[in-house]
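Asks: Position chain B against the provided structure of chain A, taking the given hints into account.
Chain order of the listed sequences is A and B.
Take the position in the first sequence, starting the count at 1, then add 97; the result is the number in the working numbering.
Take the position in the second sequence, starting the count at 1, then add 97; the result is the number in the working numbering.
To be clear, the hints were calculated from the coordinates, so they are not data collected in a lab.
A couple of the hints might just be wrong.
Which copy is meant is left open, because identical chains are indistinguishable; a pair holds if it fits in one copy or across any two.
Capping the alpha-carbon separation at 35 Å, the derived lysine-lysine pairs in DSBU-like fashion look like this [stated by the list, open to error]:
| no. | residue 1 | residue 2 |
| --- | --- | --- |
| 1 | K290 | K148 |
| 2 | K276 | K103 |
| 3 | K242 | K276 |
| 4 | K396 | K242 |
| 5 | K364 | K279 |
Here is what each chain is made of, one letter per residue.
There are 2 protein chains.
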Amino acid sequence: MSQLRKDLISGRWVIIASERSKRPDDFRGAGEARTETADSFCPFCAGNESKTPPEVYALRREGTQPDQDGWSVRVVPNKFPALDRGEKTQRRQEGIFESMSGVGVHEVVIETPDHGLELSDVPLPHLRDVLETVRSRIISIEQEKQYQYVQVFKNKGRAAGASLSHPHSQIIATPIIPKRIKEELYSAERLFKKYQGCIFCRIIGQEMGLRQRIVYSDRHFCVLAPFASRFPFEMQVFPLRHSAHLADMTPEETESLAATLKSVLSKIKGLLSDPPYNLVLHQAPNPSLVQGDWPGMSKDYHWHMEIMPVLARVAGFELGTGFYINPVPPEAAAGFLLG
Amino acid sequence: MSQLRKDLISGRWVIIASERSKRPDDFRGAGEARTETADSFCPFCAGNESKTPPEVYALRREGTQPDQDGWSVRVVPNKFPALDRGEKTQRRQEGIFESMSGVGVHEVVIETPDHGLELSDVPLPHLRDVLETVRSRIISIEQEKQYQYVQVFKNKGRAAGASLSHPHSQIIATPIIPKRIKEELYSAERLFKKYQGCIFCRIIGQEMGLRQRIVYSDRHFCVLAPFASRFPFEMQVFPLRHSAHLADMTPEETESLAATLKSVLSKIKGLLSDPPYNLVLHQAPNPSLVQGDWPGMSKDYHWHMEIMPVLARVAGFELGTGFYINPVPPEAAAGFLLG
Numbered sequence: 098m099s100q101l102r103k104d105l106i107s108g109r110w111v112i113i114a115s116e117r118s119k120r121p122d123d124f125r126g127a128g129e130a131r132t133e134t135a136d137s138f139c140p141f142c143a144g145n146e147s148k149t150p151p152e153v154y155a156l157r158r159e160g161t162q163p164d165q166d167g168w169s170v171r172v173v174p175n176k177f178p179a180l181d182r183g184e185k186t187q188r189r190q191e192g193i194f195e196s197m198s199g200v201g202v203h204e205v206v207i208e209t210p211d212h213g214l215e216l217s218d219v220p221l222p223h224l225r226d227v228l229e230t231v232r233s234r235i236i237s238i239e240q241e242k243q244y245q246y247v248q249v250f251k252n253k254g255r256a257a258g259a260s261l262s263h264p265h266s267q268i269i270a271t272p273i274i275p276k277r278i279k280e281e282l283y284s285a286e287r288l289f290k291k292y293q294g295c296i297f298c299r300i301i302g303q304e305m306g307l308r309q310r311i312v313y314s315d316r317h318f319c320v321l322a323p324f325a326s327r328f329p330f331e332m333q334v335f336p337l338r339h340s341a342h343l344a345d346m347t348p349e350e351t352e353s354l355a356a357t358l359k360s361v362l363s364k365i366k367g368l369l370s371d372p373p374y375n376l377v378l379h380q381a382p383n384p385s386l387v388q389g390d391w392p393g394m395s396k397d398y399h400w401h402m403e404i405m406p407v408l409a410r411v412a413g414f415e416l417g418t419g420f421y422i423n424p425v426p427p428e429a430a431a432g433f434l435l436g
Numbered sequence: 098m099s100q101l102r103k104d105l106i107s108g109r110w111v112i113i114a115s116e117r118s119k120r121p122d123d124f125r126g127a128g129e130a131r132t133e134t135a136d137s138f139c140p141f142c143a144g145n146e147s148k149t150p151p152e153v154y155a156l157r158r159e160g161t162q163p164d165q166d167g168w169s170v171r172v173v174p175n176k177f178p179a180l181d182r183g184e185k186t187q188r189r190q191e192g193i194f195e196s197m198s199g200v201g202v203h204e205v206v207i208e209t210p211d212h213g214l215e216l217s218d219v220p221l222p223h224l225r226d227v228l229e230t231v232r233s234r235i236i237s238i239e240q241e242k243q244y245q246y247v248q249v250f251k252n253k254g255r256a257a258g259a260s261l262s263h264p265h266s267q268i269i270a271t272p273i274i275p276k277r278i279k280e281e282l283y284s285a286e287r288l289f290k291k292y293q294g295c296i297f298c299r300i301i302g303q304e305m306g307l308r309q310r311i312v313y314s315d316r317h318f319c320v321l322a323p324f325a326s327r328f329p330f331e332m333q334v335f336p337l338r339h340s341a342h343l344a345d346m347t348p349e350e351t352e353s354l355a356a357t358l359k360s361v362l363s364k365i366k367g368l369l370s371d372p373p374y375n376l377v378l379h380q381a382p383n384p385s386l387v388q389g390d391w392p393g394m395s396k397d398y399h400w401h402m403e404i405m406p407v408l409a410r411v412a413g414f415e416l417g418t419g420f421y422i423n424p425v426p427p428e429a430a431a432g433f434l435l436g
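Chain A on its own, in the form it takes in the complex:
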């Protein structure tokens, strides 16, 4: 089983994924570029259902059987999970260091049976189905009441960390709250007091008024290039209605989010030559766990997504100290994406 380890100085948690760990010989030549060949065999394609662990959820044509063909969206446990379901996790002290067993959930959302159809290319109703599937899995995992936080993310392209090219997202549920989310929660609480209201709502209001960094907006969502963007063409997707959890979305809002994502993902694909990207959900911790020690989650926090293209020609970078250099002002990025 994997291990969760806490960095004493930064408070950051790391999964040491021993299940994925390599033998010494795997390290030799580790610096060499991977050959970028097409996947010769894809376990996520229709017809290969037996090559994944048994599905935990799927949208299927009536009359079809689990782990058979006939699905449109399919969720399976990760075959090489970073974390595993198991006994309630216990903290362990190793000298001054803290660790715990790697108890958690690691699932893969296979977004379409069609290997070549990207999330930006699927029809809107299908994209809505993907979002409904993610929503359904979040609700189900949170009801297990063992995991403080459900992380949802999508790595597209090898340079963004994807090891398989078939369109998919990942869900990782952890017994602790990630560092950046914790910081955002505390910060949101502090800024709520300062501004007498949700700081995210306030930012959205200011940006919608200024219109300098807005990339997209409709009745329920807006997409903006953040004022202090770390990376060129970084984007944040916000629901206009204040809400701390993606799972709170109404069916109408889910439709709207599908249209929003289709629009911005198509734009970065078309205008930036189909770059690799990371998409990350930021939401409040598991609401089914009572956590007296966390800032008032639903009042202060506002869920959103971050989209970060990985761009070779205009890369921004981190100096290694939490300080970023970005060569593309967000106003220029928004202007370019608006066309």
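Replies: Relative to chain A, chain B alone:
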């Protein structure tokens, strides 16, 4: 001039480097991989001194002139600086957002006149000269009393962010303290109180006793694979003597650091197929500025370097929420590097 912008929620500062900014057409095709050809012309090579801004420091053979051949280590302002020297920086409010003009220093340390000679390959006395040069620049920039923090880092290889392959490091001095350093300072202060002593000294003591994660040690330095390593083969280089600033090093310690770096950089080059890497100095803020609002810097903090190889075959990655997955336990990494 560039702009420094603060992210309201995270407190993170970003340099929006407009001097480096691109025209809209530069964005098209931004996702395409850069062609990895050898540099056809290198402004850092001996003989091309006129192609860089005038040098601010150099170690030269007696009788040679500035900006001529005859140097062994040379420091020049970055031709495309992220920050520029200028008027004292002023904070500006844009609605609820905070920014300031991009006043700062951005220099390049050209580590050798020889394009093909890496830092791990230069003779020990030369490596010591590079370190003495960095030390000298830090002291000089800190005496300007305008910059709260001096960042020193090395990106080797395109995948690590280097745009030129000639061996070089960079120095960026900023009017503010980077987020991660700030966090480390506060954390070090808090943990000093808890453990009645420097937490870094305590970690070094525990690790030197255990010997499970020590990659190298001599009379003055040790290198360890951190307990909660984010990346495979991540390393931290610590002086054994408690000190908050690299510039405090004695000549004997500088010799020792040169030998330490040569050992570990040669190891990752030889054993991991010459991977790209990032090397980052972590030290306390500028001691020549009196900063009443910062935790007792020299008592609590302990300077160190982080070395992060960029490894294609065993990549660790971040989930986008400050949570990392690392497939190589640091004990395995240390064992492998010890051979």
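Asks: Run every hint past the structure and note whether it holds.
Replies: We went through each hint and held it up to the structure:
no., hint, verdict
1, K290 <-> K148, "neither (52 Å within a copy, 54 Å between copies)"
2, K276 <-> K103, "both (10 Å within a copy, 19 Å between copies)"
3, K242 <-> K276, "both (20 Å within a copy, 33 Å between copies)"
4, K396 <-> K242, "within (21 Å within a copy, 43 Å between copies)"
5, K364 <-> K279, "within (32 Å within a copy, 37 Å between copies)"
The earlier numbered hint that this structure contradicts is number 1, and it is the only one.
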